[in-house]
Amino acid sequence: MVTNQASMKRNGIQDWVSLRATALIIALYSFYIAFVFFTAPTLTYPIWQGIFASMFMKVFTFAALVSIMLHVRIGLWQVLTDYVKPAGLRAGIQYVLNLIAFAYVAVGLFVLWGV
Amino acid sequence: MQLNFSIYRYNPDIDDAPRMQEYSLEVEEGQDMMVLDALIALKESDPTLSFRRSCREGVCGSDGMNMNGKNGLACITPLSALGKGKIIVRPLPGLPVVRDLVVDMTQFYTQYEKIKPFLINDDNHPPSREFIQMPEERAKLDGLYECILCACCSSSCPSFWWNPDKFIGPAGLLHAYRFLIDSRDSATDERLNDLDDAFSVFRCHGIMNCVSVCPKGLNPTKAIGQIKSMLLQRAV
Ligand code: SF4
Ligand code: SF4
Ligand code: FES
Chain A
1 MVTNQASMKR NGIQDWVSLR ATALIIALYS FYIAFVFFTA PTLTYPIWQG IFASMFMKVF
61 TFAALVSIML HVRIGLWQVL TDYVKPAGLR AGIQYVLNLI AFAYVAVGLF VLWGV
Chain B
116 MQLNFSIYRY NPDIDDAPRM QEYSLEVEEG QDMMVLDALI ALKESDPTLS FRRSCREGVC
176 GSDGMNMNGK NGLACITPLS ALGKGKIIVR PLPGLPVVRD LVVDMTQFYT QYEKIKPFLI
236 NDDNHPPSRE FIQMPEERAK LDGLYECILC ACCSSSCPSF WWNPDKFIGP AGLLHAYRFL
296 IDSRDSATDE RLNDLDDAFS VFRCHGIMNC VSVCPKGLNP TKAIGQIKSM LLQRAV
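So the protein sequences, as listed, match chains A and B.
Our numbering puts the first residue of the first sequence at 1, with every later residue one more than the last.
Our numbering puts the first residue of the second sequence at 116, with every later residue one more than the last.
Bear in mind the hints are in silico, worked out from the structure with no lab data behind them.
Hints are supplied without guarantee of correctness; some may be wrong.
Unchecked claim - No farther apart than 30 Å at their CA atoms in a straight line, the calculated lysine-lysine pairs in the DSBU-like style are these:
| no. | chain 1 | residue 1 | chain 2 | residue 2 |
| --- | --- | --- | --- | --- |
| 1 | A | Lys9 | B | Lys337 |
| 2 | B | Lys185 | A | Lys85 |
| 3 | B | Lys199 | B | Lys229 |
| 4 | A | Lys9 | B | Lys255 |
Generate the whole structure from the sequences, applying the supplied hints.
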């Protein structure tokens, strides 16, 4: 299980496609947020809240958060297999980093829920 | 005119650690020469300086080395292309050093071997004389067959530095594609099977160091992109 997680049992094509698919969503989301930022005359809390109150924005934000998690999972696996050679240590680091990535999604979800 | 060099020296039998040694060479004012000619001249005065070379005209691929931070063939790199200051010469990065500028290319050749660099044809009727291709089919091999296996590309690729045992590297993949698109080769599927994992091809992140150093002007990144799309098309 540990080596399965930490070493080479990933699917190259699938990862390659997933990285690009999630990158697209993250990019679109970033551009959209930038657009909102620069077009709004002033950004007060009620306006900000109004933007995130729409169902569209909630779904889009959640999709972006999940995309970041998946992107991070694959990307960090690649970085870690490059730089951390002992499989046990790598599995440990990966476990912690994946947990942090998941925490970001969870926090984001609760925030969205609360708006 | 005096030219100054700083050259990597290491003899594992004697030295504890590698060091850079300073050399200087007296040449006529305004005279240009290839780095290899300069090395040969320096070796006259210091016969212990070691490097590989054979054809001295960019054909054999023996004298790949790192000159002022960029990999290339010493025999076709003019000193004038390296700027005015001191010239720093090091062995190809990432490969074990045998001595001075001579590196151990085993890892590089092992990856090359993996892609089965020969024509495989299992059709029942092997041609008795020529194996005919249409000009368009032959044209697909241009930009691929010219590779001289100098290792300048693979030893400049960070992905190859970190995973020389699992990532085929740009040179090997260029050759892999050369056989994948050869109309006479019948092992396309088997070849793709061998490459279908997370490291062999997909460790290439398109950094394109390989393209910027190839002394033959080849484009391994493009070939790697083609292999990726062949693998993708097969998967969907
Ligand atoms: S692709 Fe270019 S740099 Fe790489 S081994 Fe072949 S000739 Fe050398
Ligand atoms: S394009 Fe790929 S093979 Fe070429 S240097 Fe970059 S990672 Fe290496
Ligand atoms: S000596 Fe043959 S390529 Fe330079």
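Structure-based check of each hint:
Annotation: proposed proximity of A:Lys9 to B:Lys337 holds, straight-line Cα distance about 26 Å (limit 30 Å). A hinted pair counts as satisfied when its Cα atoms are at most 30 Å apart, and B:Lys185 with A:Lys85 qualifies at roughly 27 Å. Of the pairs offered as hints, the one joining B:Lys199 and B:Lys229 is violated, with about 42 Å between alpha carbons and a cut-off of 30 Å exceeded. A threshold of 30 Å between alpha carbons decides the hint, and for A:Lys9 with B:Lys255 the separation of about 34 Å lies outside it, so the pair is violated.
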